[in-house]
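K.L.:
Sequence:
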Amino acid sequence: VSTQSTGETSWKETLNSVVKQQERYKDRMSVVEKMRAETQYLITLVKQLTPFIHNYKAVSAKIHPNLGGSSGSLNSQSRNGQSVDNMSQIIQTIKEINPDSDQRIAAIEQAEREKSENKKNKNSQLEEDLVKQKGKLRSVVNSSEDISLL
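Going by the numbering used here, the sequence shown opens with residue 1, and the numbers climb by one from there.
One thing to keep in mind: the hints can contain errors.
[What the hints assert, rightly or not] Estimated spans, in silico, between C-beta atoms of each pair: (1) Leu42 - Leu126: 37 to 47 Å; (2) Ser101 - Lys134: 47 to 57 Å; (3) Gln110 - Tyr56: 17 to 27 Å.
FYI, nobody ran anything at the bench for these hints, they're computed from the structure.
In this text the structure is predicted, and so the values were computed from the model without any measurement.
Just so you know, even glycine gets a beta-carbon here, dropped at the ideal spot from N, CA and C.
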């Protein structure tokens with residue numbers, strides 16, 4: 001009887017150990033699946049951001065030539081899409097962008113004000129030219145009337 005109870009106890013301990021190992025395995029697999037999903041999301045994000053970054057680099061190279069060619073090629077790829085090196089380059093480029101929406105809004109508003117002022121100045125210049133031309137036409141018409149009266 002004691003060997004049977006010892007065997008049952010050993011069996012139960014082994015069974016509990018296997019159940020705990022299965023739970024740990026499932027937990028680890030869940031973490032791995034989450035990491036795969038996050039990695040796939042990041043790869044998709046990088047693929048979507050790459051054209052923007054190339055465009056930004058081209059524009060910034062034209063605006064600020066000393067910033068243009070700083071961080072190597074973004075075209076080298078690993079088996080799963082982008083290499084870790086490219087990912088870090090993209091993240092660094094995004095950090096360097098540091099967009100300031102308030103500054104852009106202020107610049108747009110300033111450009112609109114200047115455009116409006118230029119349009120007003122242009123309209124007033126056109127009006128002045130029109131008045132001068134009318135004056136010349138009147139003088140021509142008046143002089144032709146004077147000639148026809150003779």
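K.L.:
A separate judgement is required for each hint: does it hold in the structure or not?
P.N.:
Now for the hints, and whether the structure bears them out:
no.	hint	in the structure
1	Leu42 - Leu126: 37 to 47 Å	violated (57 Å)
2	Ser101 - Lys134: 47 to 57 Å	holds (49 Å)
3	Gln110 - Tyr56: 17 to 27 Å	holds (22 Å)
Of the hints listed earlier, the one the structure fails to meet is number 1.
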